[in-house]
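Student: Listed here are the chains, written in short residue letters.
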Amino acid sequence: MLHRRFDWHERIKAIEREYWSVREAVDRLSADVAHDPNALGQGRSPRDLRSAGENLEGTYLVRMFAEFETGIRSFWRTIKPRRTQTEILLDQVGDKCKVPADVIGLIHSTRKYRNSLLHEREDGVEAVTISSARRCLQHYLSRLPDEWGH
Amino acid sequence: MPPTQPIRQGSRRARLQCRQLKLAWLEPVEEVTRARRVQIERFIPHGDQVAGHGRTVGQALAQRGEGDLGKPSGILKNSLREKLASQFTQNVRFGCGAEVARPEWVGIASPEWLPRPKRAVDPVIHRERRDRALANGDVVRENDERVTTTSRWSEPMATRSKFGRKVDDSGVVRDEWLKVLANLTAKVKTWAEELSWSTRTIAKKMKDSRLGEYEAPALLMQKETTRVLLDPIARFTPGADGVVDLYLLPAYDDIASLYLVDGEWRLHYMFSGSPTVATISETEPYPLSKDAIGRVLEEMSINASSAL
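Protein chains in written order, with this note's numbering: chain A, 1 to 150; chain B, 1 to 308.
The following block holds chain A by itself, in its conformation from the complex:
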């Protein structure tokens, strides 16, 4: 299958746009619930809404990274059709596509943060905002060829 880099950029950006829309919705609902606890409707707990708000950015960051990883894997599959660990994959693709070292560093920070969210590790991983994640993922992706696959 033919992959266009532009499409992967768009997917990542679309996830960020979705995040900001949902963030706005959750914030507004939280504000409404603060004034009127019945605004949430029956069977819903304000505590769940609060935790949804707290976890929202992480949820979208995980989704964004998954999309990015799928794109990178689709590219790497055209070179080496073998399952590679994400960490190694990012280094190898970075090396192949001459991605600047600082961008690779940021990508790994995002990956580690993603892992900490997924596996609930608390080993001092620095939090990454969705905007900085999008920025470094897009920057990394921009070093790939315009098209790959066949």
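Quick caveat, the hints were computed from the structure, so don't treat them as lab data.
For glycine and all other residues, C-beta sits at the position ideal for the given N, C-alpha and C.
Pairs of lysine to aspartate or glutamate, EDC-like flavour, derived with a Cα cap of 16 Å: (1) A:Lys80 / A:Asp95; (2) B:Lys179 / B:Glu264; (3) A:Lys112 / A:Glu69; (4) B:Lys205 / B:Asp175; (5) B:Lys204 / A:Glu147; (6) B:Lys207 / A:Glu10; (7) B:Lys204 / A:Glu10; (8) B:Lys205 / A:Glu147; (9) B:Lys205 / A:Glu10; (10) B:Lys205 / B:Glu215; (11) B:Lys207 / A:Glu18; (12) B:Lys204 / B:Glu215; (13) A:Lys112 / A:Asp123; (14) A:Lys96 / A:Asp146; (15) B:Lys207 / A:Asp7; (16) B:Lys187 / B:Glu264; (17) B:Lys223 / B:Glu194; (18) B:Lys204 / A:Asp146; (19) B:Lys205 / A:Asp7; (20) B:Lys187 / B:Asp291; (21) A:Lys96 / A:Glu147; (22) A:Lys112 / A:Asp91; (23) B:Lys290 / B:Glu193; (24) B:Lys223 / B:Glu193; (25) B:Lys179 / B:Glu215; (26) B:Lys204 / A:Asp7; (27) A:Lys112 / A:Glu126; (28) B:Lys179 / B:Asp241.
Residues of chain A placed beyond 12 Å of chain B at every Cβ, according to the derived structure: (29) Ser30; (30) Pro37; (31) Arg44; (32) Asn55; (33) Asp95.
Fit chain B to the supplied structure of chain A, relying on the hints for placement.
Tutor: This is chain B only, laid out in the frame that chain A set:
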């Protein structure tokens, strides 16, 4: 005939097989490891273009009434595959683009390799043809009563429900929207070139719950190391008849937004010196003009150095 020797995934022989059998990839089910299976399962839902409207092989089988075979996976278990092979002949093509080429191979065909869906028959023309046939004394099959107005690929299906139902005049709305976008792109392209920016128009794949899937023009502009993308976002948005964003590449930073209101494009951009607001959409709108675009592009050039 099944191959005598196993074909290594990704090998030249496998690629040739893929091309010959019109498959995006081919995998011997026996050799698929759990990790690979997870990888494919993760890949398929993302690949609307791959599997055709996001349906997987299993879902396609379920659609064909093979409920017990339907499972959300790109790979079939051996027993299911054998059952499938006994029911279908070689190279049976499923509506979603899944194909059982040989009993031991399962692959997903890419849409460009698939035959184009039959064009929808206009109900009026169909009725006229049918009446003419009846008048001539020809036999009209009973199932001809059911006039197909949707293409093969757009039949309702589990994962396509949110995209399957389209507004009645979706084609007209989509054409109008594409015309508006083409005009905008052409206008901005001319202005950008006059301002010494080089430009390139690219096709962006769009997916809309009402308009379906289509390709819209996006405009890439570059001056020295600064790259800017004029990116169509959506036709339907509250308070406007369309949104197009301007991004600073490669990071895709939001710089400005264009909203189509009452047939006019309005530019939302936080010009330097203007009051600070939370989002770009809250900024005061300016009518789209060469001057406004010129100012935005100029400021983007300056901002580019600070991005990443």
